[in-house]
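Line order of the protein sequences matches chains C and A.
Mapping the first sequence onto numbering that gives the first Met the number 0, position 111 (from 1) lands on 110, and the numbers just tick up by one.
Mapping the second sequence onto numbering that gives the first Met the number 0, position 693 (from 1) lands on 692, and the numbers just tick up by one.
None of these hints come from the bench; they were simulated from the model.
One thing to keep in mind: the hints can contain errors.
[As the list claims (entries may be wrong)] Restraint ranges, calculated between C-beta atoms of paired labels, are given here: (1) A3(A) to E30(C): 58 to 64 Å; (2) R427(A) to P205(C): 38 to 44 Å; (3) A356(A) to R119(C): 51 to 57 Å; (4) R1036(A) to R119(C): 35 to 41 Å; (5) R59(C) to R1036(A): 18 to 24 Å; (6) T19(C) to L388(A): 56 to 62 Å; (7) T19(C) to R7(A): 23 to 29 Å; (8) T19(C) to R427(A): 46 to 52 Å; (9) L1033(A) to F14(C): 54 to 60 Å.
Idealized CB from N, CA, C, for every residue including glycine.
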Amino acid sequence: MIGERLVVRDVHRTFGVGATAVEALRGVSLEVAPGELVAVRGRSGSGKTSLLNVIGGLDRCDSGSVHLGEREVTAMSDNELLALRRGPVSYVFQSFGLVPILTARENVGVPLRLRGVDPRDRERRVTEALEHVGLAGHGEHRPDELSGGQQQRVGLARALVAEPGLLLADEPTGQLDSETAREIMALIARLATERAMTTLVTTHDPVLLSAADRVVEIADGVVTAAAPGVRVGGGAG
Amino acid sequence: MSGARLLRRRLRTHPVAVAAIVVSVLMALVVVTALQLLAAAITEAGVRSTLDVPPASRSLVLAGSLKPGDLDPVDTAFRRAVQRLPDVTVTRVGTTTTRALPSGAATDRAFLADVAGIDTAADLTDGRWPVAPDDAAAAGDGTVEVALPQPAAEALGLAVGDELETADLVDEDAPPVTLELVGVFRPRSPQDALWVDLPLGLSGVTTTDFTTYGPFVLAPGTFDGPLVGSSAVTWRATPDLGVVGAAELRALGRDVDAAARDLRRATGLPEQAGAAGAAAPAGLALRGPRVTTSLPGLVDAAGLVGDRIRVSLLTPVLLLALLGAVALVGSAALLATLRDGETRLLRTRGASTARLAALAAGDACAVALLGVLGTLLLAPGVTRLAAGLPGPWWTPADAADPALWRALLPLVTLAVLVTVATTLWVGRAARGATTGAGRRRGARFAAGSGLDLLLVLLGALAAVQLRRYDTAGATTVDPLTAAAPALVVAGLAVVCLRLLPPVARWVSRAGVGRAGLDAAWGGWQFARRAASQGGTLLLVLLAVGMGTIALGHSATVGRAVEDQSAFEAGAPVRVVRGISGGDALGTGALATAVSGGPERVSPVWRSVVDLGGIDDVTVLGVDAATAGRVADPRPDTLGAATWQDLTGRLLQARDVGGGVELPGDPRELELTVRVEGAGSLQRFGVGFPASAHVRDSRGLVTSLPLGGLSATARTVSTDLTGRDLQPPLALVGVSVPVPGFVAFRAPEATMVLDVQAVFVDGVEVPTGGALAEASDQRGLWRAAAPAALDAVPVVLTREVADALQAGAGRSVVLPLGVRDLTVSVVGVVDSLPTAATPTRAVLLDLPTAMALPDRTEAGAVRSRAVFDPGEWWSAPPDPAAAAARLRADGAYGTVAVVRDELVADRRDDPVNAGMRSAMLLVTAASVVLAMVGFAASTAALGRARRHENAVLLALGMPTRRIRRVLAAERVLVVVVTVLVGLLLGVVAALVVVPLLVGGDGHAQVPSVRVVLPPLVLGGYVTVLLLCLSAVGALVLRASVHHLAGQLREGEPS
């Protein structure tokens, strides 16, 4: 699937009510071109994850709109949102989000199983995805037998296997040491380029921002600055 | 923050897990404590019921003979020796002398007895008790006061104030003794021990060669004068054991031994019964002394009952303690997991293991305190409920019961230790989880591999012990045998735990190969997490296993109670005649009347004989035609044959022979009879008692008294009414027994019995020469033709058949006392109902036995040997009404043994009822504990999977579907575990229930058959499945929500 244009307009999201209410997003607007890799920078609690959740349909905003290509995500029903996450939108998690009792292959196969892909086709695509992230020989390992970097590669393979148009990565290197983090970021950048995949990555690590096409800064629920990234990309991890 | 506030806050943070721990602890404490208290209560009841035997079975007896003047020292020594026994009653019977009653027939005798303590066993119906005679009477020339039992007074036509002159039997020149009747009495109960020493007291009259009346009860000490030369005296001390409880048993045993030892020493016997060696010189002038008592055996039996109950209840106690411990470990592990973050924080801030242990101990003590309070409030009430004891639910005195604290304190300590150990264990496992290897090790450790190991070890021990039990046919109770059920269940449960993961992996393979996620997901979770759910699975396995054993035990006890009652009663109602003669002659007619007709009752003749070198063989003569219908022994006790088949075989040879038909429903039979050549008899007085033998429609022959015969022809009559005679009747013979001394002085050749005419209700009946003559030293007879029969068909038990070396088809001679009987074996069975020793019995058809020819040495046929039935096996339409009528109208001493009453008695037996309550309590507790454990483990599971469920949601799986897959997986786990548990329970029940039911090591007759009621078990399993599923669904509902918020949480292991 070719990357899709992402348009976020004036999105508001408040958690709680009354005195304890927290305004996580206060009118965020953002546009990401197809195939563009955008890094969202901000401190902890700045609203990065809330923004990603609204874009991916894991959460609903109070006002504003999110468009992915021709589709308005914010107008979708729950079932349409679930279908969105099974297809055009994929997630990569800070804590990898792997199921500990499943092998790397089985973990990668989960999205295809959710889509009811034919077992033979599924196995072929899982093998390809693992090869893409450089884990061809580790398919039968369980997560606890892999290093942190390898686990995140499995997470990436799982995200890619569904061939999404939009990849949402929430602090994908948050639990990795800096060297591994750099490798993973480079891998994401390479894959995004190879597949012309629209990619939104949150991070607060300045070093990693160099991999992005563009950097958007969020503070207290509003976009405070946007700067072009210095994309070095293409280097394998 | 103060310790108390910290504690309060800690307990409030995770209310579900804390509640699970509290319920686990409370449940286990209450039920285990209640079971311990129950054991004490049942033991008390069991001991009392064991000691509740007829007085004759709990007395200490000294017997010997005395010369006049020697009575007092022995009497004093006896009373001194037995006074240590509780509430002891002492009787003394001096037997005595038999004197002629010159006013009666030549064969009438008076039986005199000198009795002390008769007022403890008899009530006066008229007059007063006799007082000691003055010297003149004692010297033999005065009047002696006597009291007589009512039947004897009536038979002799005596009333209070009458006098009777008696003559010495041996010394014709001795002066007569005049007896003055001052009182008439009636025995209070035939069970009273005194009547063992004075059996005539029950019937008043007995007829052998002579008719003896008595006992003429003299005042105590009468024989200690010159009235007789010497006297056989029996002292009997009967303690009241109703006041003896389990605590007093040991002291009672000591006192009994001391009393018997004192008596043996004083009478010059060896100190130990049956011991050889020189006896000490006797201090008392008692000749041929004997000291007998069944008290030590009784005390031992009561002690064994106590042991049996304690050990039997050990089984449910251990099972429940095990279940409680597993539930507690699960709940404590959940709490510790929930507190993982908190614990890490404390550690990073420098908390030592000791500090963490102290915090855990604080939690555990708070929970234990709640448990103790709950137990104090609940356990006494639960105990009373389970034991069926009266009283309020709770009294303040309950809290001070030392037994309660003795049971509670070790349990509480154990609970605290288990909680603290689990908390530290889980904490250590979590710390080790930073590396992959450490994590796996920790997970396995937390899953309880140590517990597994212990259970495997215990299971193996139990298996060894059970095998020993099997091969040794154990006769003693040992705690390991009682622990075997718990060990077997635990061992099997561990085996099942080991088997479950491979089975699950195999099952899950089907789902993994398919396109979708749901089946594969469920399969993966079940297969790969089964091991980590060991605690839950064990809990469910144990609960199902325990429930199966408890329900199987209850059903098996119910069945055994019915089987044993049916075996003891023989028929729905068994009527036993207490005494012979007098009013009791009508017992058969009454039994027939209350049964609703002769086709519903079988008269039974019973005798206990020695056969083929084994003693205690019960011979049962039944009317096989009706016995086939009224009795119904359990088929498996009869070998290959059915009861109908066996009674049919007994009937095959039935032929009642000839006789003189007595037409209609006759009321009176008259015979004109004389004894030819009886002139020589005249010098012995007139009248030898003759009997007419009348056969009824069933073939049963009854002997009817005709009165005395003489050389001149007389018409004598007998009353046919009130007897159990079913018309049409036939006269099959007339007999005149000849006492030995008469035969010695007047050889039989000189005498012939001549029956000249037979009248029925005044109308002469032609005899047609049917009654042939026979005579020998024993008597004179006229007899109808017997059956054309060589042997009576009999059914033997295997033990008797082996002893006689008589298989089916063989003929042997049975010495039955009444006569020797040639029998042919037509069947061999394992046991026969109502037999004293169930495996030693002989069954025959009474009419066939009565018709078998009995010949004199010369070959002539004697009249019939009459086997006088003393029992009637009856199947009345309404057994309770029949029993009530029998008890109201039956003669003195008549006993109605009612099967349904025996069943009710046995069901209410404290041991059976208590064990049943205990097992059902355990079942209920096991269901609750399984639910608590399952809830805790499902909550832990829900928590552990929150993150991966959130990932599934992010990957596009609907929450509903996530919940459904989780629920399906839990249901799969529950169903597979419950079914495996059921299988385990069935195997365990088959192995251990017989041990529990027959826990005293004594043979259960008939043997215990394990009953596993499918409907009840199905219901139990269904309830358990529903309960667990409901709990699982509720907990899952609470744990699968707001998943998106879980995405950023750290990955739990």
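For each hint, the structure was consulted:
Taking 58 to 64 Å as the suggested C-beta distance range, the pair A3(A) and E30(C) conforms, at roughly 59 Å. Distance hint check: the CB atoms of R427(A) and P205(C) are about 40 Å apart, consistent with the given range 38 to 44 Å. A beta carbon spacing of about 56 Å between A356(A) and R119(C) agrees with the range 51 to 57 Å that was offered as a hint. Restraint check, R1036(A) to R119(C): a C-beta distance of roughly 38 Å satisfies the suggested window 35 to 41 Å.
In this structure the supplied range 18 to 24 Å holds for R59(C) paired with R1036(A), their Cβ-Cβ distance being about 23 Å. About 58 Å separates the C-beta atoms of T19(C) and L388(A), a value consistent with the hinted range of 56 to 62 Å. In this structure the supplied range 23 to 29 Å holds for T19(C) paired with R7(A), their Cβ-Cβ distance being about 25 Å. At roughly 39 Å, the beta carbons of T19(C) and R427(A) sit outside the given window of 46 to 52 Å.
Range check, L1033(A) to F14(C): Cβ separation about 28 Å, and the 54 to 60 Å hint is violated.
The structure fails hints 8, 9 (numbered hints given earlier, in ascending order).
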